[in-house]
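*Asks:* Each chain, letter by letter, is given below.
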Amino acid sequence: MLLIPCPWCGPRAEIEYRYGGQAHVAYPPEPAALTDAEWAAYLFLRDNPKGPFAERWCHAAGCRRWFNVLRDTATHEIHFSYRAGERP
Amino acid sequence: MGEPPQAVRRSPLGHLAAELRAASVPGTVTVREVPFVRQVNVRGPGGKPFPAEPNTVATTGDAAGDAAGDAEGDTVLVWLGPDEWLVVGPGEVPGMPGAEHESVADVSAHRTVVELAGPAAREVLLKGCPIDLHPGVFPPGRCAQTLLGRAQVIIVCVDERPAYRLFVRASLAGYLAGWLIDAMREYQCHTY
Amino acid sequence: MTRLATGGRIDRSAPLTFTFDGAPYTGYQGDTLASALLAAGVRTVATSIRYGRPRGIFAAGVEEPNALVEVDGEPMATATTVELRDGLTARSLTGRGRLTAPDDQADQAGHDRMHAHCDVLVVGAGPAGLTAALEAGRTGARVIVVDERTEAGGTLLETRDLVGDAPALAWVAAATGLLAELPEVRVLTRTTALGRYDDGYVVAAERRGSRGRLWRIRAAEVVLATGAHERPLVFAGNDLPGVMLAGAARAYANRYAVLPGRRAVVFTTDDSAYAAAAELAEAGLEIAAVVDPRPGGGPDTAFEVLAGHVVAGATGTAEVTGVRVAGREIACDLVLVCGGWNPVAHLYGQAGGRLRYDDDLACFVPEGTAGRCRVVGAAAGEFSLAGCLGEEPRPGPPAAPVWLVPGDEPGYDTHFVDLQRDVTVADIEAALATGMTSVEHVKRYTTAGTAHDQGKTSAVTAVGVISALRGVPMGDLGTTTFRPPYTPVSFALLAGRDRGVLHDPVLTTAMHPWHVARGAVFEDVGQWKRPHHYPGPGEDMAAAVLRECRAAREGVAAMDVSTLGKIDVQGPDAGEFLNRVYTNAFAKLPVGSCRYGVMCRADGMVFDDGVTMRLAPDRFLMSTTTGNAAAVLDWLEEWLQTEWPDLRVRCTSVTDQWAGVAVVGPRSRDVVAALAPGLVLDNAGFPFMTWRETDVPGAGGAARVARISFSGELAYEVYVPWWYGLALWEAVLAAGEPYGITPYGTETMHVLRAEKGYPIIGQDTDGTVTPVDLGLGWAVSKTKDFIGRRSLSRSDTSRPDRRQLVGLLPIDGEESLPEGAQLVEDPDVPVPVPMIGHVTSSYRSAALGATFALALVKGGRDRIGTTVFAPLGDRVVAARVADPVLYDKEGAHRDG
Chain A
1 MLLIPCPWCG PRAEIEYRYG GQAHVAYPPE PAALTDAEWA AYLFLRDNPK
51 GPFAERWCHA AGCRRWFNVL RDTATHEIHF SYRAGERP
Chain B
89 MGEPPQAVRR SPLGHLAAEL RAASVPGTVT VREVPFVRQV NVRGPGGKPF
139 PAEPNTVATT GDAAGDAAGD AEGDTVLVWL GPDEWLVVGP GEVPGMPGAE
189 HESVADVSAH RTVVELAGPA AREVLLKGCP IDLHPGVFPP GRCAQTLLGR
239 AQVIIVCVDE RPAYRLFVRA SLAGYLAGWL IDAMREYQCH TY
Chain C
281 MTRLATGGRI DRSAPLTFTF DGAPYTGYQG DTLASALLAA GVRTVATSIR
331 YGRPRGIFAA GVEEPNALVE VDGEPMATAT TVELRDGLTA RSLTGRGRLT
381 APDDQADQAG HDRMHAHCDV LVVGAGPAGL TAALEAGRTG ARVIVVDERT
431 EAGGTLLETR DLVGDAPALA WVAAATGLLA ELPEVRVLTR TTALGRYDDG
481 YVVAAERRGS RGRLWRIRAA EVVLATGAHE RPLVFAGNDL PGVMLAGAAR
531 AYANRYAVLP GRRAVVFTTD DSAYAAAAEL AEAGLEIAAV VDPRPGGGPD
581 TAFEVLAGHV VAGATGTAEV TGVRVAGREI ACDLVLVCGG WNPVAHLYGQ
631 AGGRLRYDDD LACFVPEGTA GRCRVVGAAA GEFSLAGCLG EEPRPGPPAA
681 PVWLVPGDEP GYDTHFVDLQ RDVTVADIEA ALATGMTSVE HVKRYTTAGT
731 AHDQGKTSAV TAVGVISALR GVPMGDLGTT TFRPPYTPVS FALLAGRDRG
781 VLHDPVLTTA MHPWHVARGA VFEDVGQWKR PHHYPGPGED MAAAVLRECR
831 AAREGVAAMD VSTLGKIDVQ GPDAGEFLNR VYTNAFAKLP VGSCRYGVMC
881 RADGMVFDDG VTMRLAPDRF LMSTTTGNAA AVLDWLEEWL QTEWPDLRVR
931 CTSVTDQWAG VAVVGPRSRD VVAALAPGLV LDNAGFPFMT WRETDVPGAG
981 GAARVARISF SGELAYEVYV PWWYGLALWE AVLAAGEPYG ITPYGTETMH
1031 VLRAEKGYPI IGQDTDGTVT PVDLGLGWAV SKTKDFIGRR SLSRSDTSRP
1081 DRRQLVGLLP IDGEESLPEG AQLVEDPDVP VPVPMIGHVT SSYRSAALGA
1131 TFALALVKGG RDRIGTTVFA PLGDRVVAAR VADPVLYDKE GAHRDG
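Protein chains in written order, with our numbering: chain A, 1 to 88; chain B, 89 to 280; chain C, 281 to 1176.
Fair warning: there could be bad hints in the mix.
Computed, partial: chain C to chain B, Cβ under 7 Å [what the hints assert, rightly or not]:
hint, residue
1, His397
2, Asp399
3, Thr597
4, Leu787
5, Val934
6, Pro1001
7, Ser1078
Simulated from the structure, these hints should not be mistaken for lab results. Note that CB positions come from ideal geometry on N, CA and C, so glycine has one too.
Assemble the whole structure, with the sequences as input and the hints as a guide.
*Replies:* Shown next, in the form of structure tokens:
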């Protein structure tokens, strides 16, 4: 079970969190201006790298903050976490 | 009709008071509901007296330092998130210096409070709580939102007996009480 | 065979009786089942799984492959690790495993769980583990030591080794004494580390009598001092009872004061067996010879050493009676084997650690640290006691392993590699002959190493045999993968106390005791217990639901609606926020009013719905479906925190703050008038979709009443704080008594709403349904943006043949369409069957006097008036497609 560092509460067990997929996929400012293909890419396409991956987690059973984690998908090693709105 | 409100109000664990008493082992670990505790959920930018440090509580009022908030006029401010606190106790909800609260919600009936106290209290919690409750890490004045068994709870360490206050949703209180009673069973019999 | 008169760590003053396969025996406190059986002369403890061959006790610890037993209901234990207790009942497990325990014999032992945190977790309390624990403990670190044995000491319990000039156990006693004085050090004996997981997480099983405790330990550093397992030798007849690991025999003599035979031949490629032989001889065992394939033999010894020779075969049928060596037969009842030692690297392997084959040690050794795991002592290939104690290591001579001992007859049919799985060298030859070369493939083909023992004595041996047969170096072959659990663990222990009523949290409302007392039949909605219906005397469900429905349509009925999720949305931008998350507009909703809203995910599919009240210009009270409250709150927080942090809005869950009762039916106004005497109730003063604050004297006073209807009838929802919920329920029933008020459950609620064509999110939707598909296009704004709006104009979501919600009226009004039934156009149901939709809800309607259903049907709104068919296996049911609003389409009942 992962030990995930919440930027607010510190390291907590994985069961306290909810996974939120790839980080830094912003909601398009003008969805209506996008083609169907561009909108579908926003909705459905995400990276799936082997190695470091910036992803979102929510401390669902704790402070309920969404934040970002840089995790290695091959080793599960968590390099660091940072708050929503911040860049690594 | 027209009865005084106190006559018809019921706390979530009122019907289990005898079971909680029976599960308690004085000198080892005791459990009881602290019913009808006033609680207000406050969100906003914070500022004194709201604690800024995550997972800590602050106390206002006469009995400053008592993290239980039982004393008259005593108010305990429990950190829930970087912009969220639970104001516990009968006192006034403090203001936020230089800013307004963005949200104030009375949640007194949303959760009830269970007090678990005694030398074995920590061990009982560790049967179902994944966070580190070592007295050096989680001393009086610390709080956490976490899991106990399968219930989401707010845990506040109140004093060094140790005593903990568990804040649990009213609808979930029956599950939590059952879980605690079961977890405390081993202290009843000395053969275990 | 023989219980020694003195010595050992047993208590001769505490005899214990037990039975094995029905026969009574006696042992002592401190025995294992295996040691007591050996002392009683029991040689054969099992029959092998494939060939039915007799098998004896082979090892003295968790690596035991043969002596698998069922003990007092525990289905799979090794006799070598079962502590003897008085009255113990054990039977050998023969053949393949079976699940036989009926429910009433399920493991009810009351297993427990404990979380722990530490700086250093030491796995293994042998010399290396105790040394590491002392070192860490003296710094003040929080240390946990776990060890599978009943006491600390590791293999020192099983030898007569010395530390300095004193018995090693004196050193163990001193070390454990020092650890006991360190307040932050905790030693858990009888505790087996089962698995290592990410970030220093180790799961361990503690045996506490018949109960167990599962430890979940989070450690900053894990020190693996797990020792080494002795390797067997692969020779003809090596599975006969009486063939035993040399170190195991040594353990039986020293720890349990049992000699497992009378006359032994020692067959070894390693010096350690010489020490074992010496200690056993001193205890009274006759050592007939030491057979050592190494040309120069081992260390000096008093025994006859047949250096440069091997045991070409063991003789005997029921058990070993001798061995063939150098053309002669030596009689014996015990063959003590040692083919070297394997570091116990299971947890290290689970941590992703890489094992390196060491030619000098002839074993796979951990290389460096892995995933917070550091390996010390024999587990790291440090086989000298001095080295384990942190002193200057004293390396032994270079190893000369013999992986496969040629027999004096051709073939490898009785050269066993895995005793539990009955895998022989012949099986491995067959696997290689098919072209398999990888050890992982050979393992799967032969099943070698896949038994309860996880290949502790067989996995590396199998690699050695492959190496010998193929002529490939060991290091090029590598090992198979290590996976938890290290030893078998019962599901009951993993479940702990999360079973029975504690299996999953149950959420109950303030009115729950009343529902129970009234004999309600409950259903689970999410984790909530909700009354499904309230059967009257002699009533079945159908009758109860018809009665409840009729009351709501013709008189008055009441329902506990406390379970609806409630979220307090506050802040100056609250209206704008709701405009963005709901498909319809909320910013201009007047204070004092309510509005039904629909929420979509970004993909345009309906996610939740509910009624939201505007409490103040900057405050709304949102309601969600019962099962979705937490998900909706997470969803709102996600958008506020990650996309719109500029919005000044905050959300707070208040679901359990409020208990609610829906009062429904033409007479509901009369009931609410009695309940809340101060409330103006006429249509003008209290219109539909508004709310009022009022005083409900019977329920603590302050209450909020909303005119909301989920049934099409005149209806009110009354909310008070949870503390007064039961009082409110009783007050409603009292106020309604003159009108025959009837409590109703979720089934009636479903019927009433379905008659009106109101969908239930999660029942009539499945994540592929848009608001337009549901006929909720009226609630989809054309002017503002909202989450999911762009998706509603995608080519897929704007197809005209999407499945749309319609009503279905079976032609035979007695026929009930099962929910989930597929719908087709052609009653002859040609194969392949083109399916055009499915039934999502189905009920019998008191108001319609017939059955009806809701369904999602391709292009359904254009099919209204046509007939579709539901093939139900034995028959095909025809139904007419109808507008989903089947009752009071003009809304005449809404205002009473």
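*Asks:* Quick check on the hint: Leu787 (chain C) CB to chain B CB, less than 7 Å?
*Replies:* It holds, given that the least Cβ distance between Leu787 (chain C) and chain B is near 4 Å, below 7 Å.
*Asks:* Under 7 Å, Cβ to Cβ, is where Pro1001 (chain C) needs to be relative to chain B, so tell me if that hint holds or is violated.
*Replies:* Holds, about 4 Å.
*Asks:* With 7 Å as the cut and Cβ atoms as the points, is Val934 (chain C) at the interface with chain B?
*Replies:* holds (6 Å)
*Asks:* Does Asp399 (chain C) pass the interface check with chain B, least Cβ-Cβ distance below 7 Å?
*Replies:* violated (11 Å)
*Asks:* Can we keep the Thr597 (chain C) interface hint, with Cβ of chain B closer than 7 Å?
*Replies:* violated (48 Å)
*Asks:* His397 (chain C) was flagged as interface toward chain B. Is the shortest Cβ-Cβ separation under 7 Å?
*Replies:* holds (4 Å)
*Asks:* Checking hints one by one. Is Ser1078 (chain C) an interface residue toward chain B, by the C-beta closer than 7 Å rule?
*Replies:* Since chain B brings no Cβ nearer than about 39 Å to Ser1078 (chain C), farther than 7 Å, the hint is violated.
In terms of the numbered hints stated before, the structure departs from hints 2, 3, 7, listed from lowest to highest.
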